[in-house]
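Participant: If you read the protein sequences in the order shown, they are chains W and G. Counting along the first sequence from 1, when you hit position 87 you're at 87 in this note's numbering, and nothing is skipped either side. Counting along the second sequence from 1, when you hit position 91 you're at 91 in this note's numbering, and nothing is skipped either side.
Derived by calculation from the structure, the hints in this document are not laboratory data. One or more hints might be untrue.
Put simply, identical chains are the same to the list, so a pair is met inside one copy or across any two.
Taking lysine to any residue and the SDA-like style, the derived pairs with C-alpha atoms no more than 20 Å apart in a straight line are [stated by the list, open to error]:
1) Lys101 - Phe41
2) Lys155 - Tyr5
3) Lys71 - Ala100
4) Lys112 - Ala144
5) Lys102 - Phe33
6) Lys11 - Leu154
7) Lys112 - Thr145
8) Lys102 - Leu140
9) Lys203 - Asn28
10) Lys215 - Tyr120
11) Lys112 - Pro86
12) Lys83 - Asn2
13) Lys101 - Pro19
14) Lys161 - Leu125
15) Lys112 - Phe13
16) Lys8 - Phe41
17) Lys62 - Lys112
18) Lys222 - Val90
19) Lys37 - Lys71
20) Lys121 - Arg225
21) Lys121 - Gly104
22) Lys215 - His183
23) Lys102 - Pro128
24) Lys83 - Glu226
25) Lys11 - Ser158
26) Lys102 - Tyr119
27) Lys38 - Ala17
28) Lys102 - Glu46
29) Lys222 - Val146
30) Lys161 - Val12
Protein chains: 2
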Amino acid sequence: MNLIYEGKGKKVFTDPASPDCRIVEFKNDLTAFNAQKKGSFPDKGEVSCGISHLIFQFLESKGVQTHWIEKINATQVRVQALKMFPLEVVVRNRLAGSLAKKMGREEGEILKQPCVEFYYKSDSLGDPFLSSEQVLALGLLDSATVSQIQGAALKINSLLKQYFQRAHLDLVDFKIEFGENAHKEILLGDDISPDSCRLWDEKTQERMDKDRFRKDLGGVDKAYREVLKRLESL
Amino acid sequence: MNLIYEGKGKKVFTDPASPDCRIVEFKNDLTAFNAQKKGSFPDKGEVSCGISHLIFQFLESKGVQTHWIEKINATQVRVQALKMFPLEVVVRNRLAGSLAKKMGREEGEILKQPCVEFYYKSDSLGDPFLSSEQVLALGLLDSATVSQIQGAALKINSLLKQYFQRAHLDLVDFKIEFGENAHKEILLGDDISPDSCRLWDEKTQERMDKDRFRKDLGGVDKAYREVLKRLESL
């Protein structure tokens, strides 16, 4: 196993068993604001790996094509190797985070319709927000790929909203990433955990995600474990 | 004539002749960066009014529905009263300005296709950039209106590109605004001048627009007069 890439929350290794696969290892690190704020907790990797595994299993069971193959141990999974697109894809159901900030409004407002957004992956540029029209005009993706990603993102949103609802969690927004495998199929890649979702408790609106860390609300470890517990009990 | 509104570059008055019309007066002021930078030149109002009048006459002659009625004198025009949408609409043909900056690239690159952008009109929020999906999700406009505006903006771009080309000017990008008249028709409103267009000389790529003022290149008055001269000679 050779390390190919180390990101903020995980490491990606070659898979000795197949050149078309990768081993992803979830780290105990927690970062925010383009990694300017750093933290960790002892079972973060395990909990995030557990949550992401349940979510990807669920999405696969509903016909979503993803890179997920199997969980190897508490913090490692085997996935298909993907050539990632240079965009983060965000889907919002309620106003929160950067969109609330730029509109000068309180978090929480339910949007008229779910909203798919693109962010150009560049730490040095601060991951700038791009409209789909800008993605096309800049030649970052072609029009068929943009449409396919938008459609997949909305389908994933609709599935995950129901899934989290069963766990009494409100899916406010989330970030996903897509890429192409060796057969040029577009698959959902990366992972999905409270690092990349805003999840609010259905009743108390308590934040059950990385906003606890971003906003110094405390108890980020407990919140992540609670999310895992609720999903495991479904 | 009662003053209804005074903006950065013009004043809008009631029209004693009709409650459905307005008199727009072009001022000699020049502002940039959300009015943090201020300037003026003596015949600015006259030159901008002249350029805008030629452009709106041209667009009307090509079937674009606008609020323009007639020029009254050197700095004043009569227009239909519109209820303006809270969005600035930008169309880009080449990479420049804020899009070049956020992508960390040089100005000038020709885009793969013209790109329509929306900016939420709010001085206090700094006119934030919104995707069409955000405009819909926030309920700022309905989907039919967004489509109509996008279509009109692309048609106006295609007409103006050819128009400026005849004057040996390259239309890099421009900002327009739309609104609804008393009959709920969506019309092109506001004005179009080197205040709101990037115009580069076809041969020398010399800036013939407000970027001369923004970037302290000098000769902004001469450039505006040259644009008027070239359009008058068509």
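Participant: Confirm or reject each hint.
Facilitator: Going through the hints against the structure:
no.	hint	in the structure
1	Lys101 - Phe41	neither (28 Å within a copy, 37 Å between copies)
2	Lys155 - Tyr5	neither (29 Å within a copy, 46 Å between copies)
3	Lys71 - Ala100	neither (36 Å within a copy, 42 Å between copies)
4	Lys112 - Ala144	between (25 Å within a copy, 15 Å between copies)
5	Lys102 - Phe33	both (16 Å within a copy, 17 Å between copies)
6	Lys11 - Leu154	neither (28 Å within a copy, 45 Å between copies)
7	Lys112 - Thr145	between (25 Å within a copy, 15 Å between copies)
8	Lys102 - Leu140	between (25 Å within a copy, 14 Å between copies)
9	Lys203 - Asn28	neither (29 Å within a copy, 57 Å between copies)
10	Lys215 - Tyr120	neither (24 Å within a copy, 27 Å between copies)
11	Lys112 - Pro86	between (28 Å within a copy, 17 Å between copies)
12	Lys83 - Asn2	within (18 Å within a copy, 62 Å between copies)
13	Lys101 - Pro19	neither (43 Å within a copy, 39 Å between copies)
14	Lys161 - Leu125	neither (31 Å within a copy, 31 Å between copies)
15	Lys112 - Phe13	neither (42 Å within a copy, 36 Å between copies)
16	Lys8 - Phe41	within (14 Å within a copy, 53 Å between copies)
17	Lys62 - Lys112	neither (25 Å within a copy, 36 Å between copies)
18	Lys222 - Val90	neither (25 Å within a copy, 46 Å between copies)
19	Lys37 - Lys71	neither (29 Å within a copy, 58 Å between copies)
20	Lys121 - Arg225	neither (29 Å within a copy, 43 Å between copies)
21	Lys121 - Gly104	between (25 Å within a copy, 13 Å between copies)
22	Lys215 - His183	neither (42 Å within a copy, 49 Å between copies)
23	Lys102 - Pro128	both (13 Å within a copy, 6 Å between copies)
24	Lys83 - Glu226	neither (33 Å within a copy, 50 Å between copies)
25	Lys11 - Ser158	neither (29 Å within a copy, 48 Å between copies)
26	Lys102 - Tyr119	both (15 Å within a copy, 11 Å between copies)
27	Lys38 - Ala17	neither (34 Å within a copy, 66 Å between copies)
28	Lys102 - Glu46	neither (35 Å within a copy, 36 Å between copies)
29	Lys222 - Val146	neither (37 Å within a copy, 44 Å between copies)
30	Lys161 - Val12	neither (28 Å within a copy, 48 Å between copies)
Checked against the numbered hints given earlier, the structure breaks hints 1, 2, 3, 6, 9, 10, 13, 14, 15, 17, 18, 19, 20, 22, 24, 25, 27, 28, 29 and 30 and satisfies all the rest.
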